[in-house]
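Starting from the known structure of chain S, arrange chain E on it as the hints suggest.
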Amino acid sequence: MRRRELIGAVAMSAVLPLPSVLRAQQLFRLALTPVFLDNDAAVIERLRDALSAGMGRDIDLVQRRTYQEITGALLDGSVDAAWLCGYPFLQHRSQLSLLGVPVWRGQPRYQSYLIASAGDEASGLEELRGGVHAFSDPDSNSGFLVTASDLARMGETPDSFFARTIFTWGHRNVVRAVAGGLVRSGSVDGYVWEALAAVEPDLVAHTRIVSRSEWLGFPPFAARTDRMGDADVTALQRALLAMDRTGAGRKALDLLFLDRIAEPDIGLFDGIAARMAELRQPR
Amino acid sequence: MGVLMIVLGMVASQQVLRSLSRLHDDRLREIARLHVEGLSVALGPLVLHKDVWEVYDTLDRARSASDGQRMLFTVVADDRNRVLAATDPLRAPVDSNAAPFSEDASDLSALTASGNEPQVRVRAPLRVAGRTVGQIVTEIDVGDLVAERQRVSLYLLLANAGATALLAFAGYFLVARMLKPVTLLAQHMDDAGGAPSRIPESEIPKSDTELARLLRTFNAMTGAIDARTEAEKRLAERERFVSLGRLSSSLAHEINNPLGGLLNTVDTIRTYANRPEVVEKSVELLERGLVHLKDVSQAILDENRLDRVGLPLRQTDFDDLKLLFEPEAARKGQSLDWQVEADATDLATLPAAPVRQVVLNLLLNASAAAPEGGRISLSVRSQDGGIELTITDDGRGLSAQDLDRLMSSAPVAPGGGVGLRLVHDLVAGLEGRIRHAREAGRTSLAVFLPKREAA
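As given, the protein sequences belong to chains S and E, one line each in that order. Heads up, the first sequence is in this note's numbering, so the first residue is 1 and it goes up one at a time. Heads up, the second sequence is in this note's numbering, so the first residue is 1 and it goes up one at a time.
Since the hints were made in silico from the structure, they are not lab data. Model, not experiment: these values are computed from the prediction. Please note that the accuracy of each hint is not assured.
[Claimed, not checked] Incomplete in silico selection of chain S near chain E, CB under 7 Å:
1) V132
2) I166
3) T168
4) G181
5) L182
By construction, the Cβ of each residue, glycine as well, lies at the ideal position given by its N, Cα and C atoms.
Isolated chain S, as found in the complex (with noise of 0.2 Å):
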């Protein structure tokens, strides 16, 4: 069948050329949020041979540099769906809608950490200010939202509590500004760092956790509320909830440290929901 497509558009594309929308819908593409495998090409081999297997056909993996990015192309339709933030995910929760959410440690849920680097003897938040400290991403819960939060709640602002604010736009990048010293402190995924400490220990050697934030709902995967109908949408959610029920699966949830990926329950994200109260609330 795939096959046969695959001769009718070779035949089609000889008479006249091909729209750019039939090609785009050809391809299931699922974006990914930059958690701690973006770099690893092994890892995202093998989620994509899983969803693919899955699903029963080919699928393009998405990423992007910023969760803003990958929000917008959620939201805009030239990703099909997406392992999010939820954060981001919160911020539209008018569009869009949960598929799964993964299961780590037992539960869907996961904290933030605050980190230093290894000699750094500071005991909270409060000992850290005038440093510079590395954000994430401004869309991250883990990254950004936490800390931004935690410091609302003590009347100041990242920009009047430390001498500086990065963005380093991925988690690991975090890690990797607090342990080669470029920053003091950095608010990081408790998920990535952990799954770091067992891949790269030398990397996670040099920083140590400050304090961990509350229990927080694990990144989701989502898609758009309006097309939760779609056959390839529900073929993804099909596939994801399956995951380690199938061989390939398994290889995929293992390399990312993972479970399996749950029933989506919209209550696991209250916790973030509270925190982004705290922070619109003006003081």
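Using the frame of chain S, we list chain E on its own:
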């Protein structure tokens, strides 16, 4: 020759080292330029936007990409020279002053590895669209270049020293080989205490080179010298007879004069044969005359025979000389002051023949120089370590030519007698010396002869 080789070697080494140094500097500059330019292209826009993370990320990836290679440390500063990021943020924290890093860094064009520092620091401006937006300072590891240069320098010096030594040795060998005939010549020239000796034909190089010809010419010369020495010896031999010859007329008179008296005495004896007192007196007279004649003829005979007898010098030798010379002085009406006061043991250390010849020649010379009725003197005295013979006359003095003959060993100018030269040679043979003085109208020749070890 060797020194020249060494100097040449050093100059060559210096040149090679300088070229090597220039080559290394060029290579270093090229490395630094590529390194800095590559970073500049990547960093320019990031610095323009003061994107700390991206600058750090770029540096960090460049550093890990060149892990263990050249880049040791790089710091990037913005247009106000504040640190944006560095490969080692602990050394150059974000927002700190970058001046300490850029101050002692050199520009790309001035970069050199000649300081033998294992690392160099270079700075370059970061430009975006022709505008300087910041600065990059980077430390580059040139340890390998420095080590390579030091290694090459060492090898070069060793090789050069070796080559120089080899060349010097070869040069020495060649020159020694070339000089071998000259050495041979020098040896034979100075053989056996100054006298040249013939070089055996077997030692002369077979080839008909200049040197072989030189050696043959030398041999011919030694032959000539031998011949001349031989001739001089014969001449000296003859000189003795010449001295006697010069005395012959005086001696003839010396013999002839008494003969008249003696014949008269014989007549007297015949005439007064019956008067015993007259006869006795006449016989005495006759005896004295005959003894004198015997003495004179004995002195002449001795003079002729002396060279064959290695007799020591004695007082009587001077008596003989007086006997021989007195008639000559008397013939010219010259007075003779004769003083022989030397110690007999001192005299006996010297051979009689050459001393007699020297004294006789000098006396004859003095007599010839002194005018009729002039004054001639001989004194023989013991002196510290020898005896001194002094002969004076009141003649006009010795000519420069005569002095040359007497005092120097320079070749004798043709013409003139060989008497004085014979004196010189005999005195030299006895290791003595001659002093000449001319004062108050008198010529004085003092011959000092050192005592010789008893044979």
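Hint-by-hint comparison with the structure:
no.	hint	in the structure
1	V132	holds, 5 Å
2	I166	holds, 5 Å
3	T168	holds, 5 Å
4	G181	holds, 4 Å
5	L182	holds, 4 Å
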